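> If you read the protein sequences in the order shown, they are chains A and B. Numbering (full-length UniProt numbering) for the first sequence: 1 to 256. Numbering (full-length UniProt numbering) for the second sequence: 1 to 619.
Misleading hints may appear alongside valid ones.
Simulated restraints on C-beta separations [said to hold, decoys possible]: (1) B/K196 <-> A/V92: 56 to 66 angstroms; (2) A/P115 <-> B/S529: 29 to 39 angstroms; (3) B/G94 <-> A/P140: 44 to 54 angstroms; (4) A/K177 <-> B/R159: 49 to 59 angstroms; (5) B/G281 <-> A/H226: 57 to 67 angstroms; (6) A/H223 <-> B/A302: 32 to 42 angstroms; (7) B/N478 <-> A/S198: 49 to 59 angstroms; (8) A/V92 <-> B/W107: 55 to 65 angstroms; (9) A/K224 <-> B/G111: 33 to 43 angstroms; (10) B/W107 <-> A/P231: 54 to 64 angstroms; (11) A/T189 <-> B/Y526: 22 to 32 angstroms; (12) B/P596 <-> A/K224: 22 to 32 angstroms; (13) B/N478 <-> A/G85: 52 to 62 angstroms; (14) B/N301 <-> A/H226: 50 to 60 angstroms.
Chain A is nowhere near these chain B residues, computed Cβ spacing over 10 angstroms in every case [claimed, not checked]: (15) A16; (16) E35; (17) D46; (18) A55; (19) D175; (20) F189; (21) A197; (22) L198; (23) E210; (24) D326; (25) E415; (26) D434; (27) R562; (28) R593.
Worth flagging that the hints you see were computed from the coordinates, not collected in a lab. Since the model is a prediction, treat every value here as computed from it, not as a measurement. Every residue gets a Cβ at the ideal spot worked out from N, C-alpha and C, and that includes glycine.
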Amino acid sequence: MSDAKTFFLDEEEIPFEEGQTIIQAALSAGKYIPHLCYHPEFKPHGSCKLCTVRIDSRTVTTEDGQSVKIPGRAAASCTTPAQAGQHVESEVPEIQDLRRTLIQMLLVEGNHYCPSCEKSGKCLLQGLAYDLGVMDPHFPQYFSKREVDASHPDVLLDFNRCILCELCVRASAEVDKKNVFAISGRGHTKHLICNSESGELGDTNLAATDKAANVCPVGVILHKRHGFEVPYGQRRFDKAPISDNPAQYAPVKEQV
Amino acid sequence: MPNGNSNGSDTGAVVAAVLARHGSDGTRLMQILREIQEETEWLSPDILTRVAEGAKLPRGQVEGVAGFYHFFHTEPLGSYRVLWSDNITDRMAGNADLMARMCKKLWLKPGKVSEDGLVSVDTTSCTGLCDQGPALLVNYRPVTRMTAERVDQIVDLIRHKTPLAQWPAEFFHVDDNIRRKDALLGADFKPGDALKALKSPQEVLDAIKESGLRGRGGAGFSTGQKWDFCRAAVGTGPHAAHYVVCNADEGEPGTFKDRVLLSSYADLVFEGMTISGYVIGAKKGFVYLRGEYRYLLEPLNAVLEKRRAAKLLGKSILGRTGFDFDIEIHLGAGAYICGEETALLESLEGKRGVPRKRPPFPVTSGYLNQPTAVNNVETLASAALIAAKGAAWYKSIGTPKSAGTKILSISGDCERPGIYEYPYGVKVSQVLADCGARDTQACQIAGASGLAIAPNEFGRRIAFEDIPTGGSFMIFDNTRDMFQVARNFAHFFVHESCGFCTPCRVGTTLLANAMDKIDEGHGGEYDISDIWRVIRTLKTASHCGLGQTAGNAVADTLQKFRPSYELRLNVRDFEPAFDLDKALSKMREVTGRDDPGAHFHINHRKSRSGLGTKAGEPS
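Make the full structure from the sequences, and use the hints.
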């Protein structure tokens, strides 16, 4: 196609369609950009900031002949529209280091004990941490006190692992049309809540088959009686790293 | 009960009445919750359910809104809710001791409700009364100039359950403290002057552009250009319309010039809004008034009524057919982030004050996704003057790149804190001389997110091309500890981050915790390097300006006032945040042992005074 629009991702030419964001175009083209709150079926959110990229950095020559790089603007690639000809840096040391720091921030904010977590091996946060080479949480742990909600017959909420990506909030509102989940508090007190006067999940109309009950990237929303079903070595990210198959995160093409 | 209301069986009636007053309109949720709470003292789970049902909103959304704002309570907080302003200027004026005195006399711990449910005492972010602090809010009414004597009086009044209406009026007195007037504060302006001078909307727009007026919130975008974009944008849907919004969510620590403009120059502000509406084709304007200025609501509504009676608002203004414009005041509920224009719009629509993604920008998709011009209070007042007196007059004031004047809110170590209006281009040294500042060590300009400058920079100028500011100007003399200034600001951002994005939500907390660790004598070079890492992450990856600037004060003080950090740094590269010996104290208490064997000995801790030892140097 001669009129196809393209931009450059780490110097590689990526085609895009009008209206696509940078991450959508990249994933469609088989290029992985790390992300947690982005999901191909939902409107971009832009809160986790793992998909941050640098756009249009330029190199200038100073009077004494030195080459100086002027960094372009940093932006979340999930909410930034792709534009023809722009140069996007993603897998560069500065940005990868930023992503490691963001992962570490999430790891200390919640209580993430991977060895005892049912989501281990298929958790996006854990998978991404391994992929980016995060060796430790680095920052002092919050050891935040978060309750577990086991009031629902089929679904368990372990708030300890919530990374506040709001995917369940969006899924429940946009797909299930139930608004089972919402966000309250602000800043470091921001937290997930259930849509009931008691605050308990058991008093909502969530069904285990709802999109909201099946979209959590980490181990907050768990199905009861289904723990540790897949043995070590055969779990999702045991077989291939998270970045291995970008197409699985590509936006779903609408049927015309 | 001090408000003369109870939280009993009439709750349902209160909720129903308030909902009816607002047509059960979900976009008015903020006002609905505030008005209910003014009657019921707190928002019980039952109230939230009733509001959700009445307004046809998901209950979780209503609870989420109630949970976002500092001045909404989803747990009972007592009939008297005392909030001490905790800006650094309040601290310098001694708020900590006074609050401790109040808590002791009331047998209270900060943040806890008294056993009898009568009173709670806590801190809040800057209340915009830095020129007459230490200040507090009691049931959202400001009390200025706190002293030990006044604390004792207030404790007595609370103990005797005296209704607020019977408290001495002088407690609630707020001064303007205008010390220097220039083109705006000194203008000879009568209500209607600008409206009477109106030509066509295009001609007014041209004048605003020609004047060089730039936004006074700090960012300095061309007002004329903003209005032009907004005027050119097309509203969408069945309720297509344009809107004017006056951003009076003056929350930047150390700023109080909008408080004074709204107290004594409201006509000028409202006239500016009306002119903006005329130019962009809006029929409705909102003033987003911060919750801390709740006490201005009735006086401002009275000014609006007078203007309606004088045909300066409403239908066919001054007899011009088709020129319809009216103004409504929307009250915030204690959230600094709502000063960010897209968070403000979310809040105005009755939601949590979380900044939107941009684009689209408010000029094309603002309030209810309609074209909206959001302007600062001072910008709108200036626009009214330009419409009345012409662009050339205005442009002749200030510098070529910064036309007009700037109102500064000056507080801290000086003889005459208050409001000072200067033509743009004024030197910091001039400002310091005028307000009677001596032995100045530093100025924090543009608030907690702004710039800390040292004496070698006092020749710099207040102007968009040098030091831009929303108006906050805090002065610190040689006796002040700049580390504590930065630590106060770091905690401010923890309290005020909306929590939407990872870097800001977690980063602000990590930054404040690192500052506390250093303050407690456990900090080393390792912590300084971590601080830089957090600041870089905040700046690069945050969703909005709050996070991007949250590390500024720490970064500035680290660079310019390094000795205030060095004094506290441990000689070792790394030191844990906890004290091993202190950790054993509980066991000593339980076992009743306090002999040397029950202690964890760290000899180096005894030899380290902290003073004079530079980090990194061998001890």
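> Could you see if the CB distance from A/K177 to B/R159 stays within 49 to 59 angstroms?
Check passed, 53 angstroms falls within 49 to 59 angstroms.
> Any Cβ of chain A at or closer than 10 angstroms to B/A55, or is the non-interface label fine?
holds, 13 angstroms
> Confirm or reject the statement that B/D326 sits farther than 10 angstroms, beta carbon to beta carbon, from all of chain A.
holds, 32 angstroms
> Please verify that the nearest CB of chain A lies beyond 10 angstroms from B/F189's CB.
Given a closest Cβ separation of 40 angstroms, the condition holds.
> With 10 angstroms as the threshold, tell me whether B/E210 passes as away from chain A on beta-carbon distances.
holds, 31 angstroms
> With 50 to 60 angstroms as the target window, see if B/N301 and A/H226 comply at their CB atoms.
Because 59 angstroms falls inside the window, the suggested range holds.
> Does the Cβ distance between B/K196 and A/V92 fall inside 56 to 66 angstroms?
Since B/K196 and A/V92 have Cβ atoms about 60 angstroms apart, the given range 56 to 66 angstroms holds.
> According to the definition I'm using, a residue is off the interface if its beta carbon is farther than 10 angstroms from all beta carbons of the partner; does B/E35 meet that for chain A?
At roughly 21 angstroms from the nearest Cβ of chain A, B/E35 sits farther out than 10 angstroms, so the non-interface label holds.
> That 57 to 67 angstroms hint for B/G281 and A/H226 (C-beta), does it hold up?
Given a distance of about 58 angstroms, which is inside 57 to 67 angstroms, the answer is holds.
> Is 55 to 65 angstroms right for how far apart the beta carbons of A/V92 and B/W107 are?
holds, 58 angstroms
> Regarding A/P115 and B/S529, is the given constraint of 29 to 39 angstroms on their beta-carbon distance met?
holds, 30 angstroms
> May I ask you to check that B/D434 keeps its beta-carbon over 10 angstroms from the closest beta-carbon of chain A?
holds, 38 angstroms
Violated hints for the displayed structure, listed by number in ascending order: 3, 6, 12, 17.
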